[in-house]
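Peer 1: So in this note's numbering, the last spot in the sequence shown is 396, and the numbers never skip.
Be aware that a few hints might be false.
[As the list claims (entries may be wrong)] Quick list of simulated restraints, FRET-style, between CB atoms:
| hint | residue 1 | residue 2 | range |
| --- | --- | --- | --- |
| 1 | Arg272 | Pro373 | 49 to 55 Å |
| 2 | Asn228 | Arg171 | 21 to 27 Å |
| 3 | Asn342 | Ala107 | 40 to 46 Å |
| 4 | Gly323 | Gln229 | 41 to 47 Å |
Simulated from the structure, these hints should not be mistaken for lab results. Positions of the beta carbon are idealized from the N, C-alpha and C atoms, including for glycine.
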Amino acid sequence: MTADAAVRTVDADRHPELFWALRGGGGNFGVVTSFEFQARPGAGLRFGRIAFPADEVGAVLPGWADVMRAAPHELTSIVNLANPFGGGREAPVEVVVAVHGEDASAADRVLEPIRRLGTIVADDVNQHRYSDILVDGAMLPPGLRISASNAFVARGGARAAMEILAGRARDEAPPAIAVRSLGGAMSQVPPDATAFGHRSAEFLVVIAAAGPEAVVGAAIGRIRDIWRELGPHVDGAYANFLDTATAADVEAVYPPQTLRRLRGIKRTYDPGNVFAGNHNVTPALANTAEPALR
Numbered sequence: 103m104t105a106d107a108a109v110r111t112v113d114a115d116r117h118p119e120l121f122w123a124l125r126g127g128g129g130n131f132g133v134v135t136s137f138e139f140q141a142r143p144g145a146g147l148r149f150g151r152i153a154f155p156a157d158e159v160g161a162v163l164p165g166w167a168d169v170m171r172a173a174p175h176e177l178t179s180i181v182n183l184a185n186p187f188g189g190g191r192e193a194p195v196e197v198v199v200a201v202h203g204e205d206a207s208a209a210d211r212v213l214e215p216i217r218r219l220g221t222i223v224a225d226d227v228n229q230h231r232y233s234d235i236l237v238d239g240a241m242l243p244p245g246l247r248i249s250a251s252n253a254f255v256a257r258g259g260a261r262a263a264m265e266i267l268a269g270r271a272r273d274e275a276p277p278a279i280a281v282r283s284l285g286g287a288m289s290q291v292p293p294d295a296t297a298f299g300h301r302s303a304e305f306l307v308v309i310a311a312a313g314p315e316a317v318v319g320a321a322i323g324r325i326r327d328i329w330r331e332l333g334p335h336v337d338g339a340y341a342n343f344l345d346t347a348t349a350a351d352v353e354a355v356y357p358p359q360t361l362r363r364l365r366g367i368k369r370t371y372d373p374g375n376v377f378a379g380n381h382n383v384t385p386a387l388a389n390t391a392e393p394a395l396r
């Protein structure tokens with residue numbers, strides 16, 4: 103349903119510009135009341151965590167990035183560093199892996215380069231159904247909050263970014279750091295095919311602090327220091343891992359050409375900016391590419 107209360111069926115042939123915008127443009131254009139899609143059969147997957155000692159992060163993290171750059175599309179992975187609930191700076195380097203397929207032996211061959219990265223202290227990788235690994239979302243208890251920020255690692259910046267993060271994970275009282283592998287099938291979709299425009303990025307770095315206000319507040323300065331150091335090697339942002347929605351955030355989430363196109367579509371379907379409680383794309387002014395002011 104769009105801002106004029108019209109219920110529209112949107113696909114590649116009907117309202118194609120709106121269809122483009124909805125895939126990455128957040129809640130800026132209307133309320134999606136139903137989806138129609140074609141399901142595909144899926145095999146099981148090899149899923150779990152491979153952990154290494156905290157003091158091996160300097161070798162494990164850059165090595166993991168090299169492995170993922172050459173990995174088959176069936177493998178995706180996340181590295182968690184400095185887990186505050188697992189020991190902070192002494193928390194194991196946790197490599198979460200998922201390999202699509204029913205052939206456990208083939209999956210273990212894909213994972214072998216990761217297992218060779220360091221001294222394994224835990225390994226619970228096993229065969230699962232996809233539905234078994236999904237985790238329900240949860241609300242934080244009263245009095246606690248999360249501050250999260252993120253950026254994509256630009257091509258050519260991975261080695262430097264991983265070395266910086268490895269060092270920062272060993273700081274005194276570091277924030278939680280997660281590095282997600284990207285690339286793969288996602289990178290084979292043209293960047294202008296949808297409103298998500300960061301398809302050439304190889305990794306996404308997420309830095310977060312959680313706890314009472316005093317704990318989170320004390321971590322903000324350290325987090326800003328890390329981003330300043332990472333600055334030459336990262337760009338952009340992913341909206342779903344941001345706890346702010348400033349104009350600068352919007353410009354990070356959407357590359358300039360994408361944002362201009364979104365603002366034109368916004369003018370067509372929501373010229374009054376009804377849907378503004380988000381990383382807000384403001385409607386373009388008439389006959390310009392500039393956003394309207396509220």
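Peer 1: Hint by hint, note whether the structure agrees.
Peer 2: So, going through the hints one by one against the coordinates:
no.: 1; hint: Arg272 <-> Pro373: 49 to 55 Å; in the structure: 52 Å, holds
no.: 2; hint: Asn228 <-> Arg171: 21 to 27 Å; in the structure: 26 Å, holds
no.: 3; hint: Asn342 <-> Ala107: 40 to 46 Å; in the structure: 27 Å, violated
no.: 4; hint: Gly323 <-> Gln229: 41 to 47 Å; in the structure: 44 Å, holds
Hint 3 from the earlier list is the only one contradicted by this structure; the remaining hints agree with it.
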